Amino acid sequence: MQSHDHEDFLQLYSASEPTIRAFVRSLVPNQRDASEIAQNTAVVLWRRFHVFVEKHPEYKAAELEVEDIHAHFKRWAMTVARYEVLSWRRDKARDRHVFSDTLHEMLSSEAEEKEPHLEKLQYALESCLKKLPQDRRDLLLEAYTARNKPQELATRTGKTLNAFYQWMHRIRLSLVKCAKRTLATESYQ
Amino acid sequence: MTLEPSKLFAKYVDGTISPEEFSVLDERLSKDPNLREEFLEYMRVCVVIEDNAPIFEAQKEGLLELPPLNKPKPSKLIQFAKWSVATAACATIALTLWTFYPKKTPAESAITAQVIDLKDVEDQPFEVGDKIGLNELQIASGWVRLELPKGVVFDMYGPAKGEFVSDQRFRLDSGRLNVDVGPLGKGFTVVTDSAEIVDLGTEFGVEIGDDSEAKVAVFSGEVEVHSNKEVKNPRLLTQGEGVQVASNGKSSRLMSINIADQDKISDSSAIFADNINIRDDFTTDESLRYYGILSGGLREGVHSYTTHPTVRWKSDADQEFPTELQGADLIQTFYKDRLERDLNISLDVKNPSKVYVIFDERYPTPEWLSENFTETDMVVRSGPWRPVMIVQDILPDNQGYFYVRYKVWSKDLSPGETLNMGESRVPESEGRLFRAMYGIAVRENVQQFAQANTEN
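Going line by line, the protein sequences match chains A and B.
Using this note's numbering, read the first sequence as starting at 1 and increasing by one per residue.
Using this note's numbering, read the second sequence as starting at 1 and increasing by one per residue.
If you're looking for bench data, these hints aren't it; they were derived computationally from the structure.
Keep in mind the model is a prediction, meaning the values are calculated, not measured.
Quick reminder that beta carbons are idealized off the backbone N, C-alpha and C, glycines included.
Please note: incorrect hints may appear among the correct ones.
[As the list claims (entries may be wrong)] For each label pair, taking beta carbons as the anchor points, the in silico distance ranges come out as:
1. B:Leu-3 with A:Lys-180: 14 to 24 Å
2. B:Glu-127 with A:Leu-161: 34 to 44 Å
3. B:Pro-364 with A:Arg-90: 26 to 36 Å
4. A:Asp-91 with B:Arg-28: 51 to 61 Å
5. B:Glu-127 with A:Thr-160: 42 to 52 Å
6. A:Leu-173 with B:Asn-233: 21 to 31 Å
7. A:Lys-149 with B:Glu-367: 50 to 60 Å
8. B:Lys-350 with A:His-50: 47 to 57 Å
9. A:Lys-180 with B:Asn-233: 38 to 48 Å
10. A:Asp-135 with B:Thr-16: 17 to 27 Å
11. A:Glu-105 with B:Gly-187: 36 to 46 Å
12. B:Pro-364 with A:His-50: 46 to 56 Å
13. A:Leu-173 with B:Thr-283: 51 to 61 Å
[Unchecked claim] No more than 27 Å apart at the CA atoms, straight line, and that leaves these computed lysine-lysine pairs for BS3-like:
14. A:Lys-159 with A:Lys-177
15. B:Lys-150 with B:Lys-119
16. B:Lys-186 with A:Lys-114
17. B:Lys-11 with A:Lys-130
18. A:Lys-177 with B:Lys-250
19. A:Lys-130 with A:Lys-177
20. B:Lys-150 with A:Lys-120
21. B:Lys-131 with A:Lys-180
22. B:Lys-7 with A:Lys-149
23. B:Lys-60 with A:Lys-149
24. A:Lys-130 with B:Lys-60
25. B:Lys-131 with B:Lys-119
26. A:Lys-149 with B:Lys-11
27. A:Lys-177 with A:Lys-114
28. B:Lys-11 with A:Lys-92
29. B:Lys-7 with B:Lys-31
Hey, can you work out the whole structure from these sequences and the hints?
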């Protein structure tokens with residue numbers, strides 16, 4: 001492999017990484033597993049990058065527009081990620097909440113198909129998260145950091161554990177609502 | 001009792017779902033495509049929160065000097081060295097004055113923006129979170145961050161003046177601004193007397209200089225610079241590249257830019273002291289990259305290179321970041337320069353200073369370094385690296401990340417003396433080895449620093 005391939009890979013992968021992570025996260029129940037699968041995907045992509053390059057001679061010959069190259073790479077990366085999730089399912093299906101094969105297949109296809117919409121939504125969600133009042137945003141983010149146990153945060157905020165989970169759910173729903181409103185009203189289309 | 005579907009989503013992501021509830025969720029999702037779409041959207045919220053949580057945690061622990069999410073990120077601020085002293089003086093004496101002109105006529109001439117953040121603004125007529133209609137924008141001092149239609153994040157630094165011609169076009173008359181256009185605001189254009197800067201999906205900065213020249217630096221993505229003289233032949237700039245377009249339309253490479261933390265903007269002591277002059281021997285035709293100078297900015301977690309999005313300077317494993325380096329002026333180099341043959345970087349300073357070269361510890365030390373610099377006992381790392389060739393002989397840590405270790409070399413430099421630094425690459429005679437590009441840091445008033453440390 002030529003040294004410039006490594007630079008190219010880095011650029012292509014960096015641009016696709018958020019999509020790959022989000023795609024994987026949609027298909028597995030927890031963040032830790034999603035991170036592990038995304039990392040494995042990165043390793044496979046790197047090992048097989050020469051195959052991608054060979055299959056796209058026009059890429060080597062610099063005949064593709066940069067955006068097209070990224071689109072090709074992203075599609076390939078999502079296919080690889082899909083296989084990595086399947087492999088994870090084979091290993092973990094017995095001891096985790098894993099969706100049925102049929103549902104998994106439907107979600108994978110639809111996540112891939114709806115990625116442009118989901119990407120826009122994600123961007124709007126980032127903006128909506130920033131607009132949350134600081135105390136609520138801090139508490140929400142704190143709940144997602146490794147060192148905090150939900151029970152401790154619930155106690156600290158004077159809520160029962162169940163009420164705390166419901167509070168987080170309401171915030172998540174309000175973020176989705178905010179993002180959809182943003183997409184609809186601020187000419188994101 | 002059957003829970004509504006979205007509550008099942010919540011239980012699924014919170015890990016509190018029972019086997020029975022999980023079966024119900026699986027069944028409902030399998031039957032209902034609309035519900036699957038809602039589920040995918042709900043999962044995307046989790047991705048956003050999970051992505052932001054580690055940043056929040058690091059901020060809270062002081063690992064990153066990033067302000068909280070609704071405060072400015074440490075975005076780039078162009079403070080070109082020759083203007084810095086003047087800017088500091090202005091910041092000190094200027095009366096803070098904001099003028100958000102009301103709509104001249106109904107909506108067609110004004111755009112709607114949301115105030116995301118402000119700093120050092122007195123008597124402002126609005127608060128963070130307000131939605132305002134505006135066309136002309138003038139700031140005597142301070143800083144404002146606005147969110148424009150299509151998610152464009154617009155930072156303006158006083159003193160500055162300009163006008164929104166439309167929601168996708170801003171005319172900058174004076175001062176500086178940074179624009180983070182995001183994926184949906186592609187095409188956002190900044191117009192100046194000498195050039196038009198058209199965004200192609202990116203983050204970039206523009207500053208109007210003393211002679212009306214436009215200085216443009218790209219922090220990520222790409223922009224096209226159309227100078228008034230070369231309208232049909234725009235210059236494409238990518239991440240880490242910059243040009244200055246003179247009032248006569250001639251453009252040339254921008255050798256370095258000052259990058260400062262937003263937090264320090266009004267702190268005149270933090271304004272770059274115009275001490276460093278760095279350059280290399282690439283011409284405008286050969287390269288448009290700039291060196292990023294982060295005044296007093298060397299510390300744990302700061303970006304190592306102008307062009308690498310993830311790699312940051314870190315302390316050695318289980319060690320503190322070296323005190324002597326902490327707070328030195330950091331010069332961000334170009335990480336691809338590690339491959340350059342016959343690289344020649346020159347540096348001189350206005351005040352007596354100590355220069356540090358942070359050099360990949362693997363493989364032989366080049367002569368330009370060992371003959372002119374003294375090896376210190378300080379060690380730092382850069383990372384996390386992806387599995388690229390630079391880290392081919394390094395084992396990942398227990399998180400799967402790769403870090404490169406560097407030794408730190410130092411040399412005293414007097415005013416009038418020029419320091420030359422050479423290439424980073426390993427000679428071919430040594431085999432096919434990949435070394436990371438070195439970093440450069442400068443500390444002036446070294447004696448004062450040493451004295452203060454002794455007293456402490």
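Going down the list of hints, with the structure as the test:
The given range of 14 to 24 Å is respected by Leu-3 of chain B and Lys-180 of chain A, whose C-beta atoms sit roughly 22 Å from each other. For the pair Glu-127 of chain B and Leu-161 of chain A, the beta carbons lie near 35 Å from each other, so the given range of 34 to 44 Å is met. Between Pro-364 of chain B and Arg-90 of chain A the beta carbon distance is about 47 Å. The supplied range of 26 to 36 Å is therefore violated. Between Asp-91 of chain A and Arg-28 of chain B the beta carbon distance is about 26 Å. The supplied range of 51 to 61 Å is therefore violated.
For the hinted restraint 42 to 52 Å between Glu-127 of chain B and Thr-160 of chain A, the CB-CB distance of approximately 35 Å leaves it violated. As the Cβ distance of Leu-173 of chain A to Asn-233 of chain B is approximately 51 Å, the hint placing it in 21 to 31 Å is violated. Roughly 56 Å separates the CB atoms of Lys-149 of chain A and Glu-367 of chain B, a value that falls within the hinted 50 to 60 Å. For the hinted restraint 47 to 57 Å between Lys-350 of chain B and His-50 of chain A, the CB-CB distance of approximately 50 Å keeps it satisfied.
Between Lys-180 of chain A and Asn-233 of chain B the CB atoms are about 43 Å apart, so this pair conforms to the stated range of 38 to 48 Å. Look at Asp-135 of chain A against Thr-16 of chain B: about 24 Å separates their beta carbons, and that is inside 17 to 27 Å. Our hint of 36 to 46 Å for Glu-105 of chain A and Gly-187 of chain B holds, since their Cβ atoms are close to 38 Å apart. Here the CB-CB span from Pro-364 of chain B to His-50 of chain A is close to 30 Å, at odds with the stated 46 to 56 Å.
The hinted window of 51 to 61 Å between Leu-173 of chain A and Thr-283 of chain B holds, with their beta carbons roughly 57 Å apart. Simply put, Lys-159 of chain A and Lys-177 of chain A have alpha-carbon atoms about 24 Å apart, close enough for the 27 Å limit, and the pair holds. Between Lys-150 of chain B and Lys-119 of chain B, the direct Cα distance comes to roughly 24 Å. Compliance with the 27 Å bound is thereby established for this hinted pair. For a cut-off of 27 Å, the pair hint linking Lys-186 of chain B to Lys-114 of chain A stands: about 21 Å separates their Cα positions.
For the given pair, Lys-11 of chain B sits about 25 Å from Lys-130 of chain A by alpha-carbon distance, which is consistent with the 27 Å threshold. A threshold of 27 Å between alpha carbons decides the hint, and for Lys-177 of chain A with Lys-250 of chain B the separation of about 49 Å lies outside it, so the pair is violated. Distance hint between Lys-130 of chain A and Lys-177 of chain A is fulfilled; the C-alpha atoms sit about 14 Å from each other, no more than 27 Å. The suggested pairing of Lys-150 of chain B with Lys-120 of chain A holds, with an alpha-carbon distance near 11 Å, which does not exceed 27 Å.
Distance hint between Lys-131 of chain B and Lys-180 of chain A is fulfilled; the C-alpha atoms sit about 19 Å from each other, no more than 27 Å. A hinted pair counts as satisfied when its Cα atoms are at most 27 Å apart, and Lys-7 of chain B with Lys-149 of chain A qualifies at roughly 20 Å. The straight-line distance between the Cα atoms of Lys-60 of chain B and Lys-149 of chain A is roughly 17 Å, inside the 27 Å bound, and the hint therefore holds. With a C-alpha separation of about 16 Å, the suggested pair Lys-130 of chain A and Lys-60 of chain B falls inside the 27 Å cut-off, and the hint holds.
Among the hinted pairs, Lys-131 of chain B with Lys-119 of chain B is consistent with the structure: their alpha-carbon atoms are about 17 Å apart, no more than 27 Å. With a C-alpha separation of about 16 Å, the suggested pair Lys-149 of chain A and Lys-11 of chain B falls inside the 27 Å cut-off, and the hint holds. Note on Lys-177 of chain A and Lys-114 of chain A: the hinted pairing holds, with a Cα-Cα distance of about 18 Å set against a maximum of 27 Å. Pair hint Lys-11 of chain B plus Lys-92 of chain A holds up; C-alpha atoms about 19 Å apart against a cutoff of 27 Å.
For the given pair, Lys-7 of chain B sits about 17 Å from Lys-31 of chain B by alpha-carbon distance, which is consistent with the 27 Å threshold.
Violated hints for the displayed structure, listed by number in ascending order: 3, 4, 5, 6, 12, 18.
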